[in-house]
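Given chain P's structure and the hints, the job is docking chain F onto it.
Each chain, written out:
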Amino acid sequence: VDVLSVANDSIVFKLSNCDVSIANALRRILISEVPTIAIDFVEVMENSSVLHDGFLAHRLGLVPLLSDQADEFKYARDCNCDDPPCQACGVRLTLDVECSEAGVVEVTCGDLLSAYEVVRPVSQASHDAVHAVEGEVESRGILLCKLVKGQKLKLECVAKKGIGKEHAKWSPVSCATFKYDPIVELNHERLAELTLDERQSIAKSCPTEVFDIEDGKLMVQDVARCMLCNECTRTAAQITAASAGGGGGGGGSRAPLVRIAKDERQFTFTVETVGSLAPKDVVHKALQVLVGKVKHLLQELPTVEIN
Amino acid sequence: VDARVEEVIEDELLRGDNRKLKMLSNPNDDTIATFIFTDEDHTLGNLLRYFLMKNRSVEFAGYNVPHPLENKMHVRVQTCDGSPALSCLKKALRDIQDVCAVVKESFNDRVDTYRNENANMKTD
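Sequences listed follow chains P and F, in order. 1 is the number of the first residue of the first sequence in our numbering; add one for each residue after it. 308 is the number of the first residue of the second sequence in our numbering; add one for each residue after it.
No wet-lab data here; the hints were simulated from the structure. The reader is advised that the hints may include incorrect statements.
Below, computed lysine-lysine pairings styled on DSS-like, alpha-carbon distance capped at 25 angstroms [stated by the list, open to error]: (1) P:295 to F:397; (2) P:165 to F:329; (3) F:361 to P:14; (4) F:379 to P:165; (5) P:165 to P:179; (6) F:361 to F:329; (7) P:295 to F:327; (8) P:179 to F:361; (9) P:204 to F:411; (10) P:74 to F:327; (11) F:361 to P:262; (12) P:165 to F:411; (13) P:165 to F:327; (14) P:169 to F:379; (15) F:398 to P:295; (16) F:379 to F:329; (17) P:262 to F:327; (18) F:411 to P:179; (19) P:262 to F:379; (20) F:361 to F:397; (21) P:169 to P:146; (22) P:14 to F:327; (23) F:379 to F:398.
Isolated chain P, as found in the complex (with noise of 0.2 angstroms):
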């Protein structure tokens, strides 16, 4: 594993020496198996905004909540409180805005009250920068609703543990991918044969300029930039037929001016959050997960049924 970068909303690793199934693994259970807290209940005490309540309702839910805490929480359905939520299985929260003057207030999530200080909405201010979101403008908070004088919205939630799989707004990441390593190998003896325009149409063709030309020479300026997408070695091979014309029995046998492959044991993750967890947690709470799968199974093995 090699980090190639962190940012506060980001992280960018490499995992080598591994097989694509885990890496998919990884990928799946970042998605929808790392848990969080969401909004999961709302009780409308009153609501005479333009938003109906099911929509204000929708929107709560996909507030991201700071989830540091998620793995304290139980689940609700685990819970054997009588009068749920408990302390242990959710987290309630109020919202109580009224226009009284003219002109337009906004309700956004730094108006979600928490009972418990530790889950609150993600949010901007420079004291709450635990895992702020970059590049956003100093703001409230999400935008839930715009009200207009006379209108009030009074509601209560509670929020509770979930994952991804139930619903989305437990994932805590907005995007978990990862990509092969490419490798680019170029054949510097017949690219010798070519002309310099030949060579520059090659280096041209990349959409993201991983070629560069030095003293008349092809050369790969960054292998990392690479999409796998072959239009050097399609160009390269319009090139090679052009040439070849007539002659063209003897072209396949030769090795290609431009090979691009992938190198099936590395990986590079980007991995983006929401902000309910911080990026290095979410990837450390995923490989937890996995393991705590794996453990379980290897419990549950001994007392197999046999059919």
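Relative to the frame of chain P, chain F by itself:
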């Protein structure tokens, strides 16, 4: 009272077949088995299949999800040297555990290194 009894029966019916792992095989032949996992999908399936195939005594290893709406996953294992299918599965699971431990450690290490390097850069 009746309602309460109904609830209990329904609960049992629902939970009855919900064992995490079931194994289907011929009682006379333990080298061939189909394992049925509940609440698992391609995430674990593909992983298990790969690690099972790495095992030299496994002749056949395949997984599938019979229906996307049902949270079940089947893994079929056939061995060629007489070793029981169950122990192959166990080995595969243990291998996955080892790999995960290595990746986790390596990841945490590297993140700390990266952090320290960058903290130093900032003070410079």
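### Task
Take the C-alpha atoms of residue 361 (chain F) and residue 14 (chain P), compute the straight-line distance between them, and say whether it is at most 25 angstroms.
holds (23 angstroms)
### Pair hint residue 169 (chain P) and residue 379 (chain F), alpha-carbon separation not exceeding 25 angstroms
OK: residue 169 (chain P) and residue 379 (chain F) at ~24 angstroms, within 25 angstroms.
### Query
Can the restraint linking residue 165 (chain P) and residue 327 (chain F) be considered satisfied, given a maximum Cα separation of 25 angstroms?
holds (18 angstroms)
### Query
Does the structure keep residue 411 (chain F) and residue 179 (chain P) at a Cα separation of 25 angstroms or less?
holds (20 angstroms)
### Message
Run the distance test for residue 179 (chain P) versus residue 361 (chain F): straight-line Cα separation, threshold 25 angstroms.
### Response
holds (23 angstroms)
### Query
Under the criterion that the straight-line Cα-Cα distance not exceed 25 angstroms, is the pair residue 379 (chain F), residue 398 (chain F) satisfied?
It holds: about 22 angstroms lies between the C-alpha atoms, which stays within 25 angstroms.
### Task
Given the hint that residue 361 (chain F) pairs with residue 262 (chain P), test it: the Cα-Cα distance must not exceed 25 angstroms.
Distance ~22 angstroms between residue 361 (chain F) and residue 262 (chain P) Cα, so the pair holds.
### Query
Are the Cα positions of residue 74 (chain P) and residue 327 (chain F) separated by 25 angstroms at most?
holds (20 angstroms)
### Message
Hint check: residue 165 (chain P) vs residue 179 (chain P), CA-CA at most 25 angstroms. Holds or violated?
### Response
Answer holds: residue 165 (chain P) to residue 179 (chain P) is near 23 angstroms, not above 25 angstroms.
### Message
What's the verdict on residue 262 (chain P) and residue 379 (chain F), does the C-alpha distance respect the 25 angstroms limit or exceed it?
### Response
violated (33 angstroms)
### Holds or violated: residue 295 (chain P) to residue 397 (chain F), with C-alpha atoms at most 25 angstroms apart
holds (11 angstroms)
### Message
Need the status of pair residue 14 (chain P), residue 327 (chain F): alpha-carbon distance at most 25 angstroms?
### Response
violated (33 angstroms)
Consistency with the previously given hints fails for numbers 9, 17, 19 and 22, ordered from lowest to highest.
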